[in-house]
Amino acid sequence: MSVDGAAAPAATASPRSIRWARRRASAADAWLRLRRNRVALGAMGVLLAFVVLALIAPLVSDRADFNAINTGDNPVNQSPSGQFLFGTDRLGRSMALQVMWGTRISLLVGFAATVIMIGIGVIVGLAAGFFGGWVDALLMRITDWFMVIPFLPLAIVLATILERGLGTIVLVIGITSWPSTARLVRSQVLTVRERLYVDRARALGAGRLHIVGRHILPNVTPLILANTTLAVPIAILTETTLSFLGLGDPTQISWGGLLESVGTTSVKSGYWWQYLPPGVGIVLVVLAFTIIGRALEEVFDPRLRDR
Amino acid sequence: MRAGFVIRKLLGALSTLAFVVVFNFFLFRIVNPNPVDSMFRGRNLTRSQLDEMTRKFNLDGSKFDQFLGYVQQLFSGDLGLSFKGNRPVADVIGEALWPTLLLVGSSTLLAMLGITLGYRAGWRRGSRFDSTSTSLSMVTYSMPEFWVGMVFLGVFSSTLGWFPVGGLEDSGSTATGLAKLLDQLHHMALPAIVLAIAYVGEYMIVARSAMIETLREDYLQLARAKGMRDDEVRRKHAVPNARLPVVSLSAINFGFIVSGAIAVESIFSWPGIGQATFLALKGPDLPMLQGLFLAISAAVIFANLVADLLYGKLDPRVVGR
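Keeping their order, the protein sequence lines are chains A and B. If you're matching positions, the first sequence starts at 1 in this note's numbering and goes up one per residue. If you're matching positions, the second sequence starts at 1001 in this note's numbering and goes up one per residue.
Worth flagging that the hints you see were computed from the coordinates, not collected in a lab. A hint or two may mislead.
[As the list claims (entries may be wrong)] Simulated DEER-style distance windows between Cβ atoms: (1) B:G1085 - A:L48: 31 to 39 Å; (2) B:R1002 - A:L48: 33 to 41 Å; (3) B:R1317 - A:P80: 55 to 63 Å; (4) B:G1161 - A:P80: 54 to 62 Å; (5) B:R1216 - A:W31: 25 to 33 Å; (6) B:S1131 - A:E194: 34 to 42 Å; (7) A:L48 - B:F1156: 31 to 39 Å; (8) B:D1218 - A:I123: 51 to 59 Å; (9) A:F131 - B:S1131: 52 to 60 Å; (10) A:L284 - B:G1094: 37 to 45 Å; (11) B:R1008 - A:E194: 23 to 31 Å; (12) A:G270 - B:L1014: 25 to 33 Å; (13) B:S1131 - A:I123: 33 to 41 Å; (14) A:G263 - B:S1131: 34 to 42 Å.
The beta-carbon is built from N, C-alpha and C at its ideal position, and this holds for glycine as well.
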């Protein structure tokens, strides 16, 4: 699998250095393969641009600029101009700056919810795949429940009942969308568990935790990484929809929240500069994550390579 | 199909439904033990009037008794009373059912065009047609459906004036028969196309990879060796085997399209389950939301059951497992 001889350890190497040399080599190999995918590189560029936008938002504008009391002098519902790149909304707030601030929340919620989603999914999948028996049966039954129950209505119910806030949104997305990760990890574990080297480790007296941590987890990590990249767009889209329905954090500016605040009024009045930019932002970020995720999948899953 | 397989799938679906019922009940009760108090806060109601309301909404007695009462009500088709106007939740859902079935049904049919596209793209893997349709479906997959709805509303209704801005039919319309149907179809066109665009990509991608999966099978080689035309090999040998993943996707997508309808219906003021959900969460009208969640979940659970059974019929291999 390695590209060059880097994986071959020196005769005096310790097990730890061998392990790291191998990991470095396979990471380098993955990067080489990924680099050949021009579209994925472009997607990374787009993503990087949005991350930069999110980071510099507080430097180019003050959050307080968006309080209605501070926008009294600005023209309302103005179309794009030199002063306001994306025009203004009905309170005279700059759309361009709001879209910039919205990037922060969308990316933040996207990443945070993904961490919860993947965390639950990996723990459930590892436990089910490794322990088997009744643990597996029980966990898979619960996974099936969450898989079948339509997750947006579930998220809506939870978000309506719980207190409004960023934490709620993150939690709600995390606990409604983990099942597919759990299934993926479980099926991977079932395959890896039967490999000879796991048998060998067991024969040498390795405990369950050691086998899971040292032999199974490292083997499923690449696919988890690809799955994570594909989970972020789901989280971002869900956040957008929940915020659009008015279930987001009212004190924060997010893309979905922006679309809610300009609403169908902007559409019917022909104020395209109010509803196009936030949507284009969503599409670009989600598309970028999807492209990178699929590229990673191809790199890590040899079965997909010749597609 | 073996009876054991059917029973297993049936029990699975029932257990999911039971989970939804238990979850639905306790979630709403734990967060808001007695909604009557908060509902009428600030209004001059005497304690005895409040108690009467509590009884009316079945909120007295222990949690377990309340739960038994809830289940009993469910079996008699009673979903409780909406906070808004005291109307039975089941009636409101019943009225909203037909518009949603119409909308979700037609957008599903439209989105299924993606299956044909996917088979063709997979068959000619790497062709220009394949790369164009794959890229396009990734783009449509990335768009929030309600935003597509806003853009379409802006372009085709506000600017071009081709379609009405929303609703089920022209307000004050007295049309009947065919004219009424045409009017409703005219109103439904935009939301149906929007929902279809959002999900056509998923059908396409799944159908494409199912087709690519079958491309390696030896029997395709054999069919070609027999001298069958390329087109015939695809239709008679490849497509039937690429059907399986698409069946399970249809059930999953049914859930997604119903979910997507929530925001899209509210944009186009389409008086279905989606708009009812939107209005209920705005209140929040908790009994209404509770009833809607149960109804939507039950529909999706049923769709999944049908897909599972159909899968067993199409692929006898899964029945034995």
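Structure-based check of each hint:
Range check, G1085 (chain B) to L48 (chain A): Cβ separation about 53 Å, and the 31 to 39 Å hint is violated. With their beta carbons about 55 Å apart, R1002 (chain B) and L48 (chain A) fall outside the hinted range of 33 to 41 Å. At about 59 Å, the CB distance of R1317 (chain B) to P80 (chain A) agrees with the hint of 55 to 63 Å. Here the CB-CB span from G1161 (chain B) to P80 (chain A) is close to 24 Å, at odds with the stated 54 to 62 Å.
Checked against the hint of 25 to 33 Å, the pair R1216 (chain B) and W31 (chain A) passes, with Cβ atoms roughly 29 Å apart. Judged by the Cβ atoms, the range 34 to 42 Å given for S1131 (chain B) and E194 (chain A) holds: they are separated by roughly 37 Å. Between L48 (chain A) and F1156 (chain B) the Cβ separation comes to about 35 Å, which falls inside the hinted range of 31 to 39 Å. Evaluation of the 51 to 59 Å hint for D1218 (chain B) and I123 (chain A) yields a failure: the beta carbon distance comes to about 41 Å.
For F131 (chain A) and S1131 (chain B), the Cβ-Cβ distance of about 44 Å falls outside the hinted range of 52 to 60 Å, so the restraint is violated. Look at L284 (chain A) against G1094 (chain B): about 42 Å separates their beta carbons, and that is inside 37 to 45 Å. Checked against the given bound of 23 to 31 Å, the beta carbons of R1008 (chain B) and E194 (chain A), roughly 25 Å apart, stay inside it. A beta carbon spacing of about 51 Å between G270 (chain A) and L1014 (chain B) contradicts the range 25 to 33 Å that was offered as a hint.
The supplied range of 33 to 41 Å is met by S1131 (chain B) and I123 (chain A), whose beta-carbon atoms lie about 38 Å from each other. Separated by about 37 Å at the C-beta atoms, G263 (chain A) and S1131 (chain B) satisfy the suggested range of 34 to 42 Å.
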